[in-house]
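Trainee: One letter stands for each residue in the lines below.
2 protein chains.
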Amino acid sequence: MVSTIKRLLIGRPLKTHEAGEQKLNILKALAILSSDALSSVAYGTEQILLVLVTVSTVAFWYSIPIAIGVLILLTALILSYRQIIFSYPHGGGAYVVSKENLGVNPGLISGGSLLVDYILTVAVSVSAGTDAITSAFPSMHPHTVLIAVVLVICITILNLRGVTESATVLAYPVYLFVVALVILIGFGLYKIMTGDISPKLHAPIGTPVMGISLFLLLRAFASGCSALTGVEAISNAIPNFKNPAPNNAAKTLILMGTLLAILFTGITYLAYYYGVAPKENETVVSQIATDTFGRNFVYYFIQGTTALILVLAANTGFSAFPLLAFNLAKDKYFARMFTMRGDRLGYSNGIITLALASIVLIIIFKGKTEHLIPLYAVGVFIPFTLSQTGMIVKWIREKPSGWIPKLISNLVGAVISFIVMMIFFITKFSQVWPVLIFLPLIVIFFHKVKKHYDSVGEQLRIKPDAVIPKIDGNVIIIPVSGITEAVGKSIAYAQTITDQVIAVYVAFEREDEHVFEEKWKKWHPEVRLVTLHSHYRSIITPLRKFIDTVEYKAREANYWVSVLIPQFIPKKPWHNFLHNQSSLLIRAYLLYRRNVIVTTLPYHFKK
Amino acid sequence: MVSTIKRLLIGRPLKTHEAGEQKLNILKALAILSSDALSSVAYGTEQILLVLVTVSTVAFWYSIPIAIGVLILLTALILSYRQIIFSYPHGGGAYVVSKENLGVNPGLISGGSLLVDYILTVAVSVSAGTDAITSAFPSMHPHTVLIAVVLVICITILNLRGVTESATVLAYPVYLFVVALVILIGFGLYKIMTGDISPKLHAPIGTPVMGISLFLLLRAFASGCSALTGVEAISNAIPNFKNPAPNNAAKTLILMGTLLAILFTGITYLAYYYGVAPKENETVVSQIATDTFGRNFVYYFIQGTTALILVLAANTGFSAFPLLAFNLAKDKYFARMFTMRGDRLGYSNGIITLALASIVLIIIFKGKTEHLIPLYAVGVFIPFTLSQTGMIVKWIREKPSGWIPKLISNLVGAVISFIVMMIFFITKFSQVWPVLIFLPLIVIFFHKVKKHYDSVGEQLRIKPDAVIPKIDGNVIIIPVSGITEAVGKSIAYAQTITDQVIAVYVAFEREDEHVFEEKWKKWHPEVRLVTLHSHYRSIITPLRKFIDTVEYKAREANYWVSVLIPQFIPKKPWHNFLHNQSSLLIRAYLLYRRNVIVTTLPYHFKK
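Chains as they are written, first to last, in our numbering: chain A, 63 to 669; chain B, 63 to 669.
One thing to keep in mind: the hints can contain errors.
[What the hints assert, rightly or not] Just some of the chain B residues that point at chain A, by a computed CB distance under 7 Å: (1) R599; (2) I602; (3) P604; (4) V660.
These aren't lab readings, by the way, just hints derived from the structure by calculation.
Treat the numbers as computed from the prediction; the structure is a model and nothing was measured.
Where is the CB? At the ideal position from N, CA and C, for every residue including glycine.
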């Protein structure tokens, strides 16, 4: 039944060689990998205005030069990630680039930072989408957490169904959002040109502003840069592209950058020209749409697609996290299970881990994840800076033909990314300090995992000069709880292996002991029975002591000791509750605490 | 470390023969077994007045005749439970009496009803005690559920420490409560006699009351009878008494009945004479104490011990539930684990089950368990009625010397209990109907458990004419994942058992397969290697198919098939997360779904 439900939710399993059919073309890739970046348009301008409004509405004209700064950074990032795509066509993004050029620790810092970041992406964007839903339907407000969790589960199932299927489903809302915003911007500009709109008062560019400071402008710039998160996702996901993968990935990246630039510029310009100020209860995009169209069908279309893209921004995390986890696991810095493909060829362990972690975050913060945004932004600019620096080192080291312009584009990217990162640390330290604690912890954890795998590999390796321990025979100990069919079968089995079979009976009462010994003599006189008395009603303690004694003697004779446990297997699962499961306890104890071979002989009840 | 914490919480384990030292004398038994009954005094009178106040305060004089009715029922119950104690000196109370005299189903109805009732006792009384605490410290009000759960855990630990220890601890608050109420009643009566108190208006007994109805009086009587819950606890717990157990239990019962009668009469009379009316924010006992002493030290002493006894009333459930569960389990109607004594000789599985169930109730009802009280009261009067009826049948059947007076006392008890039960059903049907659903379900469950144990016993019994299956040899299948020390050790072990050893390698990639086969030929040419290709990246599916094939052939040759699984045992628990644990999955699958013997060979990592 479980497997039927699984089939229903995620579809039939795919064969390994079907992996090729699961690759993405440019349009589908853009849909699933750019939702995070594109959705930033819905709030990027607002973030800038929210900082400026603390001075005065006159300062709003600064949003135009700040937006130009963001566009410059975007261009630098797009160009330099394009170079990363061609230099590292197998993907891995910031982690691989930093590791190969700057060393292991910068690589792990990038990787750890991004891993945490993708979890934050999912939590933050699903919470934002949920807010949009509960704003439209206030009666659902008490169920915010539940709705957010259900949304995460839906996106998880979609991703477990596989890359192409999720791309097919997600393409519609992403492109609808792009279309909606293009209509909004086009119509808005048309109205401005025809003079059809009466703009509220907006101060002309260059108006002097009282009380403006560099600190504040930098803070506004940093807030605007939060629109750039998600740019690196494509470089992580190159293996998911159709061949020639690097070319397709590069084209997707350029396409995404262009769309992002157009939409961001358009919204920022309209907000400035319309004199829109951020409001408590209405987003900037909603205000622009109201001014342009009034509250008609087009307005609701724009609002609906915006809410949808905010939720779907989470999908970028779902595309990039499993591949990053795979890369870390392949290098033995992360648990091996992240290298396994699931039924639908996705790295399902990564998908499920990401889902669980973000659900935990949503529950802990009760769906109010806004104050995680700065943490999330700084977590993006650390790997941005490291990967650009890595590329600089690469160009200087390799000096391929035409390396100077490449170097310059990465240099610009690295410098701006570094500055943005520092601005975050300086202007929002109270919100971003946790990064300084958890990043070192994650890096230490990665090293511990690596150390474990290395030492396991070393211990398991066959040493050519190793002496295989001599085995002259076996002793089999059978713990028995009564004279039953199951015990009889176990004895029959043990006797085919060795004539050194010892049955052990643990008695809680003295009189019990003798009764049992008498019965046993009549039943299996040829099998030695040892009765142990347990003062403390524990089965394991006397059994352990007895096994220790036997093992000591057996070792001298080169005999191996096995414990054979007859285990009842009930027909119905609830019957398990009616049996004491001491065999499970004994087995776990002997395997983990003692070095004893444990054989389980199942006895299936027929009713 | 776990065992150190356990020692700290519940103390060192006790030997089985130390059980005698754990028996109770009368004073300690009274403390732990009567807290439920005595605590009823804190709310019994109030329950009566709450019904009467719906007519008019003039009706309060009815509380006196109603209290007399309750006292008559109390006397009948005490006398007839005294007879149960002597007739069934091994305990078991209503369950044993009903089963032996009326048949299995009445017994199971009594037992099931009481099991549920003890869970309700714990939930209701701990919630009531928590209410008293949060009334005194309103700032703790948001943490009601947490406080209640912590209290349940404390009482659970106390009970896990053993019967005598909990009795020693609990004796103080119980006796302090008795002392506090005796002081209150004594002083109150003294003040009345000396005319030192100016009573508020109270209508003289016999004043005609407008709008009073029999229905209402019955309802008030039934509410007053909720003070009688917990009376049966002593008859369940006879095995916990010092010898001569029945005599000591009977004395304890009489003592409890006397105390209960005195306190209940005293409080009811003072409430009537003082003209106390039930208030929203102040209990009747608190009003009486204020009137008698004012808000001085004595007042707070009375209030404090009252709050304490309300919490400790839960302990009666903890004393009686495990013994009742033991009796049901001994007769195979309940899971065998309830017959096992824990480290401190208490039936710890019963104690823990009761604690978990009541915590679940507290969490579900968010600490507001008042509306469970009628359910709980009716759950007491069903077994009361059945056990009294059982005693009647017993006297008629056995006719011992002087049986007529015994019969009469049980007859009176049975009739009144039955009437009270019917009053509950008639006057509070909307609150007690769930009993009619869950009692049949519990009885069906008991029968299913019994049926399972009977059929298991039948299946396990050695049949004298049974043919032991012939075994001519063994085939051992070893699933291998690489060429490692662990696999080498497993092969060495398998070869001591049989020369029919087959290694199985499940490959996910075609090229992998050939590489592995080559390596294997060099390493263990004498061991046959079978490589299976898994299209769907599952290890279990191809392995299962292969084992099915081998089993089919082996059966023809009278060979038994075992699967030998090399299992890594990491040194630190968190390392388990770094290994895929496929061996656990394979083992569970083979044992539960197939009838295959599974041997686990542990390979302990040294670092």
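Trainee: Each hint should be assessed against the structure and marked as holding or not.
Mentor: Hint check results:
no. : hint : in the structure
1   : R599 : 6 Å, holds
2   : I602 : 12 Å, violated
3   : P604 : 13 Å, violated
4   : V660 : 5 Å, holds
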